[in-house]
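Undergrad: One line per chain: the protein sequences are F, S, G and W, in this order.
Residues in the first sequence are numbered from 2 upward in steps of one, following this note's numbering.
Residues in the second sequence are numbered from 2 upward in steps of one, following this note's numbering.
Residues in the third sequence are numbered from 2 upward in steps of one, following this note's numbering.
Residues in the fourth sequence are numbered from 2 upward in steps of one, following this note's numbering.
Some hints here could point you the wrong way.
The list treats identical chains as one, so a pair stands whether inside a single copy or across any two.
Claimed, not checked - Listed next, the in silico EDC-like pairs over lysine to aspartate or glutamate satisfying Cα-Cα at most 16 Å (straight line):
hint: 1; residue 1: K94; residue 2: E53
hint: 2; residue 1: K68; residue 2: E108
hint: 3; residue 1: K202; residue 2: D170
hint: 4; residue 1: K68; residue 2: D245
hint: 5; residue 1: K71; residue 2: E7
hint: 6; residue 1: K68; residue 2: D303
hint: 7; residue 1: K68; residue 2: E7
hint: 8; residue 1: K200; residue 2: E228
hint: 9; residue 1: K196; residue 2: D170
hint: 10; residue 1: K202; residue 2: D177
hint: 11; residue 1: K200; residue 2: E318
hint: 12; residue 1: K196; residue 2: E169
hint: 13; residue 1: K196; residue 2: D50
Everything labelled a hint here was simulated from the structure, so no lab data went into it.
Number of protein chains: 4
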Amino acid sequence: MLIVMESGATEEQIRAVTERIRALGLRPHPIPGAERTAIGITGNHGPLDPAEFEILPGVQQAIRVTKPYKLVSREVKAADSVVTVGGRPVGGKRLTIIAGPCAVESEAQTLTIAQRVREAGADLFRGGAFKPRTSPYSFQGLGLKGLQILARVREETGLPIITEAVDEDSMAMVEDYADAAQIGARNMQNFSLLKRAGKSKIPVFLKRGMSATLDEFLMAAEYVVSEGNYQLFLCERGVRTFADHTRNTLDLAIVPAVKHLSHLPILVDPSHGTGRRDKVVPLARAAIAAGADGVMVEVHHDPARALSDGPQAILPEQFAGLVRDLHALAGLVGRTHD
Amino acid sequence: MLIVMESGATEEQIRAVTERIRALGLRPHPIPGAERTAIGITGNHGPLDPAEFEILPGVQQAIRVTKPYKLVSREVKAADSVVTVGGRPVGGKRLTIIAGPCAVESEAQTLTIAQRVREAGADLFRGGAFKPRTSPYSFQGLGLKGLQILARVREETGLPIITEAVDEDSMAMVEDYADAAQIGARNMQNFSLLKRAGKSKIPVFLKRGMSATLDEFLMAAEYVVSEGNYQLFLCERGVRTFADHTRNTLDLAIVPAVKHLSHLPILVDPSHGTGRRDKVVPLARAAIAAGADGVMVEVHHDPARALSDGPQAILPEQFAGLVRDLHALAGLVGRTHD
Amino acid sequence: MLIVMESGATEEQIRAVTERIRALGLRPHPIPGAERTAIGITGNHGPLDPAEFEILPGVQQAIRVTKPYKLVSREVKAADSVVTVGGRPVGGKRLTIIAGPCAVESEAQTLTIAQRVREAGADLFRGGAFKPRTSPYSFQGLGLKGLQILARVREETGLPIITEAVDEDSMAMVEDYADAAQIGARNMQNFSLLKRAGKSKIPVFLKRGMSATLDEFLMAAEYVVSEGNYQLFLCERGVRTFADHTRNTLDLAIVPAVKHLSHLPILVDPSHGTGRRDKVVPLARAAIAAGADGVMVEVHHDPARALSDGPQAILPEQFAGLVRDLHALAGLVGRTHD
Amino acid sequence: MLIVMESGATEEQIRAVTERIRALGLRPHPIPGAERTAIGITGNHGPLDPAEFEILPGVQQAIRVTKPYKLVSREVKAADSVVTVGGRPVGGKRLTIIAGPCAVESEAQTLTIAQRVREAGADLFRGGAFKPRTSPYSFQGLGLKGLQILARVREETGLPIITEAVDEDSMAMVEDYADAAQIGARNMQNFSLLKRAGKSKIPVFLKRGMSATLDEFLMAAEYVVSEGNYQLFLCERGVRTFADHTRNTLDLAIVPAVKHLSHLPILVDPSHGTGRRDKVVPLARAAIAAGADGVMVEVHHDPARALSDGPQAILPEQFAGLVRDLHALAGLVGRTHD
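Can you build the whole structure from these sequences, using the hints too?
TA: Right, here's the structure in full:
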């Protein structure tokens, strides 16, 4: 933490700040300048709140110079983490492709899609049994029945299952049936759910919130890990901006940014990230080219009849072409796919 | 819903769209144009998803022309709703001023502040017992003990209590102790919590999410009301933008926008909305001048030692001045304050 | 400037940074910490670019601790500036109300509106002769003929004239006919135009860019003042965000923020700031309540036939009501209106 | 254009709207519905302003259903445009790599970098002689002398030159010395400059504004083309959002979006788009993977001493590696590189 004093701060104000720093058990380091004085702080073991200093008289600004998260940072663990979902690695050298419908609608639909994406080369299967929907009048998912369908699909296809939990009750059910639990963008700062996920026995797939900064994203991850669950992988899924040619603005620069600061794997969801079928394939390619550990894409064999998010789902044959593209790309970015 | 066909759409594509509309039990209204055809849809009882049509061949865009919410809209109820919190009206002609500390820290602190804000003219008392915090290492609130302190403060001061619930467990406790339950910005799309709030026996105070559109805000409100709880009032608390001179960008234009579309009361929180003590008073005034039904401000008698959000809390004496300003303003905007 | 080294930075890297600081004629102030070293810099006369240091090995971040503008800051001039436009003060105690049509369409239209707004109590008259329009096919203004109309309107009504210049040629013409030159949001970082405005003999009214930070806004102002024109006043007119209930999001918190940092007057334009007629009056009131030195509103006697921005213009009778409201508000915020 | 009437609109209001439509020489197409009436409009030759209708009594909303640009759209010209810069094609099958320093600092610096990027495989050379800078106190470029250096560099290396024009005067000079003129993000809506560029004899490279929507970007392009200059190519360079891990948020989804709507080539600038050297290479790869016609990257042989934008410049050896990556990628996305 660095305290910047106002240019007209008095000696007394400066002394009051240094005394407060000492009172907190920390060490002040005054740096007198031509125009103003700054005071560095050292000796803190956790993050300090700029608020505690900005309210003192004569203080212009308090600037945080160390990051507020620890366990998810590369400073604590330098090597890339690899999470294991249903026996398959996520992170490390291997590219991970997750595919499936937005929502589980029926056993026939789910199984049809699962067989098609497995043949095409998907590594994990996704499908929503609990759907967070903006409108109370929209289809909210099949719930427990959806989870049971997913479990049967795993038996049939061998594909590990990843599905969303929207609260503590659904998290308990997801744990019983799935190989990994997704926490969606709208719940990225549902701290009760994050803490519950941190006690889960299965890996957690945490999506970035619609207007989450990088720090907030990693702090949400820290909530999960600090409860003891290190089996965590992240997902960029687009952020909310003024731009209106896509549903969200996919922020691919966060991929190298996360990799720089954290050891956790990060994937990209170009389906929600763009909301438009014709943008999914180019942006999925772009995600891998930017260094993502994988992608998650929505696939539906009959998107015109999908109950949820139809316009962003691609067809199984488009997915097959995408997998071929991504496997070809893998080599170029130092990854393998088998 | 209006379907806009591409300029090169074939007769067959247009026919396929009209057939699909009929298959859904709706009526198509083709509007042939010089360059392209549009097709109006009528006969739907609830909202349609543009997605269902945008995926059909030859369709350029599907545009929603009716609003997706009903119960919270003025079309269903033209007159302003008035919510009753602990016997006091929120909404209607009367201005509501909610004040108190960000977090309940101790009985002495809470009682001191409550007495000061009651004397100054506060209508309701706020204070957080459950605090959603970005970092798992920050103070998370006193929980049940905090609620018990709030209940004692009500006994002492007579001020009705409003406090935040962050999940279903805390909602149950808040119902037992408080006069109204707040749902915070980070939980605006925590749909499980919204549904639970919709079954609550106490009024709900719903804050706008950090990047929520007006439609999403009213849809979140619709979740609560559609479960049966009509005792709902809203709060603008700033949205996330690129601007960095305040913590959030307070969007006061949403006040007349909500009033135009909905019968629900809307208040403004300039403390979170700016995150800076010296902006709270001018923006609180501005909120009332823009037509808000009231404000919620954070007050602390010793902000330099506050455990949470100190730099946005104003002092009791500043609050007293603000109340005088707002009462003077009330007359100018056709409101009363007693 | 404060340089924060990485936690694993070597002694050699730290020395290289301090040497580079000295090579630039500045003084380094190392602050060793438990985890990492920070290095303060003093002795610079102008702003430093963080870039110059962030590229050195071992540097994590360079943080600017002094503001990059000088002449517009309160540190250079503590007292509020008052600009004189056609003999009338802008800034200081007196409220300024600017009104008129978006565009000058004809002498009859312009004169009709000017007479109505003068009667209602406007202080200055606005009207666009040069219109920056998103589409090359939209009405671009009457140009020189529009300026001549404005000059005749001033003769008839006595109202000083403010009108927009969009490039150096139009600036020269505006100087000949008007009392103040407006620089629009789209040109806030048209540095050639800013420098030309800085050499102008008439006052300049600078509008905030659609996505300008407070620092960029004040730096644009610094461009004008650094060329010698101290007759400058500012305007908040809404910024671009995801919110879609108004055309822009009016950021009223920038009013106290500018007042805190700068001596320049700041007005608010609720017409462009909301783009919706029914939001203009409540947000104009809110602007004054937030401490703005005045407002600029678009008024048209026949908005249904206005050639430009009709839906945000209010009628002369609405304007008259607004002026009464603002004059009543003036007293509450320590201002006068005559 | 589709007019949506309010649910309580009277017959008279509906008739007034249809009459106004006819008065404008257009044809109304009423679509009566269960809840409300909509009215389609056909027969217009250019874009209509929703404003003209939204101000009529009983109108809820006017929705534009055709795009406001023509000449740059695929509807007018279906095939991809190829622009020729100094004899080299931009657009079409071939990948274009533009490289060079942010600013021309000296002949030695410029020539050194040009030789290095030519050897590495750059197609065009960039370097700023006129620099738009946020601060009036920052280095503003060498001006005419910079252009003369660029011309000598072209003689020495054979690389065509692209450089920015910031106003009409500099545009005239750039035309004399360079092979293509860049219009920067801050000037994307400097309509005087766009019109001047539309009369230029050299190709124009138009960068997206910091908060420009896709429509505004294409309308700015329409300004240039409507003046007669069809030699235009576009550049995505990041937009302004709340995200703070990069200087801007690179919006790669605009690449397929532009390709869908327009025949103009579009490149990506990952240097300004991220502002961070370590993000340039991954995002440049991602841009090509997303379908961009090329990239523009800043290269400096001594970024620690660069006078402008040092921290986003990559070293010549990093650039050489990037060219190899992009050439390898080219095949995967159906492009050539020689």
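Undergrad: Next, verify each hint and record whether it holds.
TA: To see whether the hints hold, each was checked on the structure:
no. : hint           : result
1   : K94 with E53   : neither (44 Å within a copy, 35 Å between copies)
2   : K68 with E108  : neither (46 Å within a copy, 33 Å between copies)
3   : K202 with D170 : within (15 Å within a copy, 22 Å between copies)
4   : K68 with D245  : between (33 Å within a copy, 14 Å between copies)
5   : K71 with E7    : between (32 Å within a copy, 15 Å between copies)
6   : K68 with D303  : neither (46 Å within a copy, 28 Å between copies)
7   : K68 with E7    : between (25 Å within a copy, 11 Å between copies)
8   : K200 with E228 : within (6 Å within a copy, 31 Å between copies)
9   : K196 with D170 : both (13 Å within a copy, 14 Å between copies)
10  : K202 with D177 : within (10 Å within a copy, 33 Å between copies)
11  : K200 with E318 : neither (39 Å within a copy, 46 Å between copies)
12  : K196 with E169 : both (10 Å within a copy, 14 Å between copies)
13  : K196 with D50  : neither (22 Å within a copy, 34 Å between copies)
In summary, the structure is inconsistent with hints 1, 2, 6, 11 and 13 from the numbered list given earlier, while agreeing with the others.
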